[in-house]
Amino acid sequence: MNNLAILPIILPLLASVIVAFIPKKLNIVRKLSQIFTVVFLIIVGYIFWKVFANGPITLQGGGWDAPFGITFIADYLSILLVLTTYIIATAAVFYAPYSLSDKQEMFYFYTFFFLLISGISGAFLTGDLFNLFVFFEVLLMASYGLIVLGNGKVQLRESLKYVLINVFSSMLFVTTVAFIYSLVGTLNMAHIAERVEAVPAEQQGILTAVGILLFFVFAVKAAIFPLYYWLPNSYVVPNPVVSALFGALLTKVGIYSIFRVYTLIFVQDTGITHQLFIWLAMLTMIFGVIGALSTNNVKLIITYNIIPAIGFILMGIGLYSEEGLAGSTYYLIHDMIIKAALFLLIGALVVAAGTKDLSKMSGVIQRFPLLGWLFFIGSLVLAGIPPFSGFIGKLLLLQGSLGQGEVLLTIIALLSSLLILLSMMRIFVRGFWGEKMEGMTTNPRKVHALTIPAVFLIALSIFLGVCAEYVLPYVETISNYLLDRTEYISSVLKG
Amino acid sequence: MEIIMIILASILFATAVYNLLQKQFLRIIIGTALLSHGAHLFILTMGKLKRGAPPVLDEGVANYADPLPQALILTSIVISFGVTSLLLVLAYRAYKLNKTDNMEELRGAENE
Amino acid sequence: MVYAVFAPLIFAIIIPFLSRLKHKIHTGWLILPVPLLIFVYFLQFVGSDFKTSIATVDWIPSLNISIDFYLDGLSLLFALLISGIGALVVLYSIYYLDKEEQIGHFYTYLFIFMSSMLGVVLSDNVFVLYTFWEFTSLSSFLLIGYWHYRERSRYGALKSMLITVFGGFSLLGGLILLTIETGTTSIRGMVEQADVIVNSPYFLLILVFLLLGAFTKSAQFPFHIWLPDAMEAPTPVSAYLHSATMVKAGIYLMARFSPIFSEVPIFFILLSLFGLITLAWASYMAVRQTDLKGILAFSTISQLGMIMAMLGFGTSYAVFAAVFHILNHATFKGSLFMIAGIVDHETGSRDIRKLGGLMTFMPMSATLALFGTFSMAGVPLPFLNGFYSKEMFFESSLGLGGYSGSFVEGLVTAIPIIAVVGSIFTFIYSMYLFFGTFRGKYKENELPKEPHEAPFMMLVPPMILVIGVIVIGLFPNFFNQALITHSADAVYGADVTKDIKFWHGWNSRAFQMSLIVVGVGLLLYLTKKKWDSIYNYFPGRLNLNRVYDWIVEKIESASNKITTFYMTGSLRLYITLIVGTIILITAGTILFTNGSDFEISDVSSISAAEVIISIIMAVAAIGASIAKNRIAAILILGVVGYGLSLLFVLYSAPDLALTQLIVETVTVVLFLLCFYHLPNLTKDTSSIVYKGSNIVVSIAYGLLMMVIGMTAYNSRFAETISTYFTDNAYKLGGGDNVVNVILVDFRGIDTLFEIAVLFGAALAVFGLIKLRQDKGAK
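Residue numbers (the numbering used here), protein chains in the order written: chain A, 1 to 495; chain B, 1001 to 1112; chain C, 2001 to 2778.
Hints listed in this document are in silico derivations from the structure and should not be mistaken for laboratory results. Heads up, a few of these hints could be off.
To be verified - Simulated pairs of lysine-lysine, PhoX-like, Cα-Cα distance not exceeding 20 Å:
1. LYS2683/C with LYS1099/B
2. LYS2628/C with LYS153/A
3. LYS25/A with LYS103/A
4. LYS2354/C with LYS2099/C
5. LYS2498/C with LYS2443/C
6. LYS2528/C with LYS2441/C
7. LYS153/A with LYS1099/B
8. LYS2691/C with LYS1023/B
9. LYS1023/B with LYS1099/B
10. LYS494/A with LYS436/A
11. LYS2770/C with LYS24/A
12. LYS2770/C with LYS1099/B
13. LYS2441/C with LYS2498/C
14. LYS103/A with LYS360/A
15. LYS360/A with LYS436/A
16. LYS2628/C with LYS2683/C
17. LYS24/A with LYS103/A
18. LYS2051/C with LYS2498/C
19. LYS31/A with LYS446/A
20. LYS2628/C with LYS1023/B
21. LYS2561/C with LYS25/A
22. LYS2691/C with LYS2628/C
23. LYS1023/B with LYS1096/B
24. LYS2770/C with LYS1096/B
25. LYS2449/C with LYS2354/C
26. LYS1023/B with LYS2683/C
27. LYS2022/C with LYS2099/C
28. LYS103/A with LYS2770/C
29. LYS153/A with LYS1096/B
30. LYS153/A with LYS1023/B
Just so it is clear, the structure is predicted and the values come from calculations on it, not from any experiment.
Just chain A, with the same shape it has in the complex (with noise of 0.2 Å):
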């Protein structure tokens, strides 16, 4: 049975080889990556299942024991993130038939979101710190195929930049991984965590060092404020469902491996590290909606929320309470599903008007009200307003904060989110309000198509808020969890 906690990698790296060899065969690509992605939904949801019933399923690759080997462990946090990243999956291949061009389709993108979805998995399920980094190349190498999926001028030139810089804090990685090897001797994080327990208190200072800078090489990945710069524009030159794939999944992995090194490995100082973060998120925040606001590009302007949400996030691990943690893991939830539905709405609306400026665009909503609707539940649910998802992990992490007499990381956070609200409110206001524009797309009907795998999406994040009593007992596990290592520790080293 251990061997499902390495499924949601394997199949889709097979899927991925599979829909490889046929790139020619549209038709039968599509249907076949649309069945596999749906499989894989089903078998993940199993294995959720069966983790938050009998508790966390680890993997001894190979058989070799921890801390020699390479340990996969599916636990509350990640396999319930791997099973978010299957639901996005799943809304994305049902839309991207109607958003790629055949030949951007046929040029492997199938082949690309599987290896994705595969190396994110990985990245979510492995135990083994140089393995993250096989598993971030995995991504990053995918996300570079789909980023420059269509090889136009402009793509080209910011998949460029956006490559150099992953190559610069991939480097970083490795080399933060050879100095964690030199002070601890092993590369397994459970058993990282428990060596750097042992050392004595005032010999701390490098490895707090080291966190941070291995904190720097995430951070990237999960765009924090200073270094977020690579983001904006290169997630908005590519296809909608592309951007959606990479908004939703590729910076939570980055603060991901944050919530995992600063909840299991590098806690003795927090007074430093955690401190760092609250700095840093409500710096995130701050700029974040500054951008947000700061463009009539729709698409950037989603593409910016992608960044304030993150400082919401990091905040709760700055925290590191009970509160703290929960709050940032419902956030994480919600941000993922939303993010990815405002991306697919985004892509939509830009096909129904025609631009992507929002000072050209007006009355949308008259004639596609299904769509218009849905990005307004959508930009609720974004910023926060109850009962929608977003409501729910805010409030924990307020009721975290203020706990702790935050009083300006709150008050940052309460006027972050109506700023994150009226830079939603101008594309509703502007784009699907007023007369009716010209020059509307007289292909009604792929709206209709790029719009129904949002619905599904949409519906969930109302479901998680309304519903959210049948989902907070799993984000108390989780925080209740990741604040007892001991559990992660004794089920990877004595699995």
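Use these hints to put chains B and C onto chain A, whose structure you have.
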């Protein structure tokens, strides 16, 4: 010896970053290559140098060099190779389409 | 009770389907029974033997969020207003809104609002209250933007949303603090622990958070600016949300929490001060308006200020008066809005400068308006409810005390004066509203339509409200015992028994104040033309709307400036910033934690070969960076790579050396292939500063890595796990070459996915070369 290696790796890092900050594609990609060399040297050094024979088991040898960093470097070299090849082709195509190899001229504008 | 609250919401979901029948029957008729039934339901609680009741539904028990609907006197008063006026507004709207419009949307929004507002006033759980609170803001946004093709509607909708949601978020902050301090999410629970709250270190913050919520929602100065722009909504909405119900949510909130705060001087000061400023300012501004609904909007603001101030006074008399006025205001203001809508509907204009002399065309409307305006003005007649509460307001403004401090004493002296001044202007605009519209000269040419009386059914809703005005005026104590006392009890937190009397005698100070208001008001109204140029000087060009516009405009333009300042798209800037941040914060951490250590022991010997190779590599690395020829640069880079593989040989890593050799060779060939077609390297002509900063950043990064590397090398806290691999490679892994065994067995998954990376790279390269759809397409 380790000290010299650490200094060398740091020099590689410094030159790498210097190259990353340049304008022309070629220099920037040279930067990434130097970066990976520096990182690999760091990994090797962190596993202690010259502490035994190559890690190929042999009768009568008691001390071997630490094999784990070597394995990591091998993985990393291959990955870096993949990324560098992609980067080279990408740079070439980007040059062909944008008609410049100057990164500073590739800033872009809104609403594209 | 739960059904009563959620019924409109459930209907809101069905309405879009009902509205398909709109050509056969106006949707309004179909849904009219809903608010009516709710009204009847709440009516059964009314009576002198009123008992509170509660209904509970679990929602999110993990967060202590459950839907507890708690019906006390205050909630009941509001619930009756919401459902009663709601029913009248639906009836009115049937005649106001054309079937051709998207009336389905209208009623959906309206019903969402109705549910939310009922939820606000009935929820005992603060987070449920907050949920409904935000939904009133949102439904208000949608209703104001109902005619969204109008620019002004969009502007007004966004403005109201921003200001009220700003208040909503602030309220949320306050509510969270309250729950943390008291450990409960129930308002009643909080009231019981009032002393905990008052003595909390966060008390002031809680108060400010809550006040911001209440002031924005109830349009108190300086947040009142959204309300006049909200008049872009269809008139039924203005009558309902923006005069009778939603804007009173802030009042409700303050009333609800006043048992906690009423003993605290700062609460008295802030509420009275802002309430009175709002009263005076808005009534002064109302006189200047030319749009009927504009006058009514400012009038609403000023009346809300008056109620807010009375809650601030906090005496049992003032609280009673406040609650009484909530009811009275709803009746006369609701009817006046409806009349304004009728005038607009039947003449095509709401501009009071174009109106006049409509009495002859619209006698019914005029009569109704007469009662409404006179009640609003507080004309001392025994059948106008407005007079009673106005006089009680004067009475309660007198003789406030019990607080010390010169500021408070000054305020206490000023309160009656401000009250009178505000009321004088209220009198003026009330007269202006009535006489300007219905009397005077009829201006035939100015009106787009031939004026005529509205259909009878359209007059019914305002008529019912006016009858309310009169009945309450005639039998105030009937309402007092059945309803108002219970409400006031709930707000004051103790029994408030009051007898409402019309006549207090000539010596009553309040009556004298009323006389001053009427006298001076009449004088000023008659001479209005002579003095109204004063508005050119004060406020003149001063305008809070400009402040709002400026802020919104600035947020956008400043965001744009800030973002374009650092998001230049320049890779060099990005890398500089990223590397710079890493250097600063990591170096800071090292200094702060004393985390560096250079006393390296345990090093291996130095040999000449290694030193020479190292020097060659270092020189080559620098050389590759400054070479002026592309071929030379690539080849020199190759030297670094080959040097590295030599080092691998020296350090017992033969596999690495081999791999490095092959990869380096292939890479160099690839480099040459790609860059043969690219332009040659050019001389770096950038400025010294530019070059200098590059050099500084790179060297700093190198140094940082060196410091960490040295320290990490020197601080070994545990033995490596590698001995396991050498011990077991043969035994368990079946291979001699430990590195190979690790790669294919111990860490085989690394290798599998390393191949996956290569696979991805190969396909991406293939795609890059083959797929050139852009050629010619763009």
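For each hint, the structure was consulted:
Between LYS2683/C and LYS1099/B the alpha-carbon distance is near 19 Å, which keeps this suggested pair within the 20 Å criterion. Annotation: proposed proximity of LYS2628/C to LYS153/A is violated, straight-line Cα distance about 28 Å (limit 20 Å). At roughly 11 Å between alpha-carbon atoms, LYS25/A and LYS103/A fall within 20 Å of each other, so this suggested pair holds. A C-alpha spacing of about 28 Å is found between LYS2354/C and LYS2099/C, which places the hinted pair above 20 Å, so the restraint is violated.
Under the criterion of a C-alpha separation no larger than 20 Å, the hint pairing LYS2498/C with LYS2443/C is inconsistent with the structure, at around 49 Å. For the proposed pair LYS2528/C and LYS2441/C, the alpha carbon gap of about 17 Å is at most 20 Å, so the pair holds. For the suggested pair LYS153/A and LYS1099/B, the alpha carbons sit about 10 Å apart, so the restraint of at most 20 Å is met. For a cut-off of 20 Å, the pair hint linking LYS2691/C to LYS1023/B stands: about 11 Å separates their Cα positions.
For the hint pairing LYS1023/B with LYS1099/B, the CA-to-CA distance comes to about 14 Å; that is within 20 Å, so the pair holds. A distance of roughly 65 Å separates the Cα atoms of LYS494/A and LYS436/A; the hinted pair therefore is violated under the 20 Å criterion. The straight-line distance between the Cα atoms of LYS2770/C and LYS24/A is roughly 14 Å, inside the 20 Å bound, and the hint therefore holds. The straight-line distance between the Cα atoms of LYS2770/C and LYS1099/B is roughly 19 Å, inside the 20 Å bound, and the hint therefore holds.
For the suggested pair LYS2441/C and LYS2498/C, the alpha carbons sit about 46 Å apart, so the restraint of at most 20 Å is broken. Our distance criterion of 20 Å between C-alpha atoms is broken by LYS103/A and LYS360/A, whose separation comes to about 29 Å. The suggested pairing of LYS360/A with LYS436/A holds, with an alpha-carbon distance near 11 Å, which does not exceed 20 Å. Straight-line distance between C-alpha atoms of LYS2628/C and LYS2683/C comes to about 7 Å, which keeps the hinted pair within the 20 Å bound.
For the hint linking LYS24/A to LYS103/A, the alpha-carbon distance of about 9 Å falls within 20 Å, and the restraint holds. Taking the CA atoms of LYS2051/C and LYS2498/C, the gap is near 19 Å; set against the 20 Å cutoff, the hint holds. Distance hint between LYS31/A and LYS446/A is fulfilled; the C-alpha atoms sit about 18 Å from each other, no more than 20 Å. Between LYS2628/C and LYS1023/B, the direct Cα distance comes to roughly 14 Å. Compliance with the 20 Å bound is thereby established for this hinted pair.
At most 20 Å may separate the alpha-carbon atoms for a hinted pair to count; LYS2561/C and LYS25/A exceed this at roughly 49 Å. Distance hint between LYS2691/C and LYS2628/C is fulfilled; the C-alpha atoms sit about 16 Å from each other, no more than 20 Å. A threshold of 20 Å between alpha carbons decides the hint, and for LYS1023/B with LYS1096/B the separation of about 16 Å falls inside it, so the pair holds. Using a Cα cut-off of 20 Å, the hinted pair LYS2770/C and LYS1096/B holds, with the two alpha carbons roughly 14 Å apart.
Taking the CA atoms of LYS2449/C and LYS2354/C, the gap is about 12 Å. The hint holds against a cut of 20 Å. Restraint check for LYS1023/B and LYS2683/C: the C-alpha separation of about 11 Å stays at or below 20 Å, so the hint holds. Of the supplied pair hints, the one linking LYS2022/C and LYS2099/C holds, its CA atoms being roughly 6 Å apart against a limit of 20 Å. A C-alpha spacing of about 11 Å is found between LYS103/A and LYS2770/C, which places the hinted pair at or below 20 Å, so the restraint holds.
For the hint pairing LYS153/A with LYS1096/B, the CA-to-CA distance comes to about 9 Å; that is within 20 Å, so the pair holds. Between LYS153/A and LYS1023/B the CA atoms are separated by roughly 18 Å; this keeps the pair inside 20 Å, and the hint holds.
Consistency with the previously given hints fails for numbers 2, 4, 5, 10, 13, 14, 21, ordered from lowest to highest.
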